[in-house]
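Asker: Got chain A sorted already, so can you dock chain B onto it with the hints?
Line order of the protein sequences matches chains A and B. Sequence positions in the first sequence follow the working numbering and run 1 to 173. Sequence positions in the second sequence follow the working numbering and run 174 to 427.
FYI, nobody ran anything at the bench for these hints, they're computed from the structure. One should not assume that every hint holds.
Cβ-Cβ distance ranges computed for the label pairs, FRET-style [stated by the list, open to error]:
| # | chain 1 | residue 1 | chain 2 | residue 2 | range |
| --- | --- | --- | --- | --- | --- |
| 1 | A | Ala114 | B | Pro203 | 22 to 32 Å |
| 2 | B | Phe190 | A | Arg131 | 23 to 33 Å |
| 3 | B | Asn221 | A | Asp151 | 44 to 54 Å |
| 4 | B | Asn260 | A | Val129 | 28 to 38 Å |
| 5 | A | Leu74 | B | Asn260 | 31 to 41 Å |
| 6 | B | Glu313 | A | Glu81 | 24 to 34 Å |
| 7 | A | Glu118 | B | Asn260 | 26 to 36 Å |
| 8 | B | Phe297 | A | Ser24 | 24 to 34 Å |
| 9 | A | Arg43 | B | Phe297 | 15 to 25 Å |
| 10 | A | Glu30 | B | Gln372 | 54 to 64 Å |
| 11 | B | Leu369 | A | Glu30 | 53 to 63 Å |
| 12 | A | Ser24 | B | Leu376 | 40 to 50 Å |
Just so it is clear, CB atoms sit at the ideal spot from N, CA and C, and this is done for glycine as well.
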Amino acid sequence: MPMEPRHYSQEEIDELIACPKAVSDPPRKEMKQDRGHFRNDMRLKSTDEKFEFRAFMRRSEDFPENFSIGLAFLPKDGTGELILLRCNGPHGDFNDAFDPANPHFDFHVHRASAAMMEEGLRAEKSATVNRDFASYEEALQYFVRSANITDATAYFGNIGQGRLLLVEEEPNP
Amino acid sequence: MTPLELLKDRFNGHVAFRERRPGVLQVVAPLFHEDGDMVDIFLDEPRNGSGKFRVGDHGMTLMRLTYAFDLDTENKQRIFNRILAENRVQEENGRLYVEADPERLYPAILHFAQTVAKVSSMQFFKREVIQSLFYEQLAEFIEERLGQYNPRAHALPIPDHDEYEVDYELDAGPRPLYLFGVKDSDKARLVTISCLEFQRRGLPFKGVMVHQDFESGITRKDRVRITSAADKQFPSLDDFKDNGPRFFERERVA
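In isolation and in its complexed conformation, chain A is listed as follows (with noise of 0.2 Å):
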């Protein structure tokens, strides 16, 4: 019989999102050029072996500003992966309430809501402007440190030097 939508709780979503991760699947040591974009890919498994999940980073050729680095969770039930997280450049006027009268012009970052879900939209529709990174460089660590990939290091050599420091130690303004 058609296999229904799966449900996620907000709980099981953040717990996916920060549960501990390692590199199953590594990716290329330079972004591969493709049709317009750059583009680099990873598969990871939580540390307990438990889940999967898959990571992608894509920057415009054109507009290296516009980029995306995301998170999708792959379920082995065949319900189809849930994109967890996105951490975008501004690459335009970005609006979760359809109100034109809200822009935003940012970094941003999308984040898998099960509120969304359970209305029916994309999972990953709501996103909120980010203060943690401005370039492409730092929007990866950030969602190195946001995904809580722990053998990052040894795949993108400069992660975590630099001057971008831990959320908790730079808070937002």
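Answerer: Here is chain B on its own, set in the frame of chain A:
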């Protein structure tokens, strides 16, 4: 009126322009993707004396598509090309665009946004989405082509034991046919257990399996187990559509 003033007027003021590069404006219009991001539309000012604007995406549509879907097969590429051709949208190294006269920017932008939406919808061709249609397609075929055999969905051959449910019970001979759609290994195991229980209880029936993908959709051990429990198997829905009606007819006259 300049072309941009005319465009703003046609949008009833609900549009703005941001210079992203010299000669390249981003159109900030109330056109959104399902995830809340704005559709990326740019206006490249006329070059080389053509007098035409280029309404394009600077590669953003395909980039967005690859978040969840890749054009990595000939078939996917063919569908993509067809969407572009039917909408008269050009592609240049992943960048989609149309050329438009200055006074035609408004319809060109709406037309372009519509094409971007169609390309973006290709994400619904994802394997798991197509797979989820298997049971619906099976049900549709049974209803349309096998109605004469009185198909009953969700049959319970053992009263009060709904754990042994049959997808469809049909009358096509001396014994009822219990038909199961099998999409994956989980379903294969469930069907195997049910058929073995029916056999253990001595129920007169024939077990008919319609697989989504017998070769690679279930594990080798599950293939062995379900083959042992089944009386007839169709390795794919296409095979069932081709040969199922003849099988039912043979059963009827047996």
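Asker: Now look at each hint and say whether the structure bears it out.
Answerer: Status of the hints after comparison with the structure:
1. A/Ala114 with B/Pro203: 22 to 32 Å: 27 Å, holds
2. B/Phe190 with A/Arg131: 23 to 33 Å: At 26 Å between Cβs, range holds.
3. B/Asn221 with A/Asp151: 44 to 54 Å: The hint (44 to 54 Å, Cβ to Cβ) holds, given that B/Asn221 and A/Asp151 are roughly 51 Å apart.
4. B/Asn260 with A/Val129: 28 to 38 Å: Distance hint for B/Asn260, A/Val129 holds at roughly 34 Å.
5. A/Leu74 with B/Asn260: 31 to 41 Å: Holds, since A/Leu74 and B/Asn260 (Cβ atoms, about 33 Å apart) stay within the stated range.
6. B/Glu313 with A/Glu81: 24 to 34 Å: With a Cβ separation near 26 Å, B/Glu313 and A/Glu81 satisfy 24 to 34 Å, so the hint holds.
7. A/Glu118 with B/Asn260: 26 to 36 Å: 34 Å, holds
8. B/Phe297 with A/Ser24: 24 to 34 Å: Given range 24 to 34 Å: holds, Cβ gap about 27 Å.
9. A/Arg43 with B/Phe297: 15 to 25 Å: Holds - the Cβ-Cβ distance for A/Arg43 and B/Phe297, about 23 Å, lies within 15 to 25 Å.
10. A/Glu30 with B/Gln372: 54 to 64 Å: 59 Å, holds
11. B/Leu369 with A/Glu30: 53 to 63 Å: For A/Glu30 against B/Leu369, whose Cβ atoms are near 54 Å apart, the range 53 to 63 Å holds.
12. A/Ser24 with B/Leu376: 40 to 50 Å: 46 Å, holds
The structure shown violates none of the earlier numbered hints.
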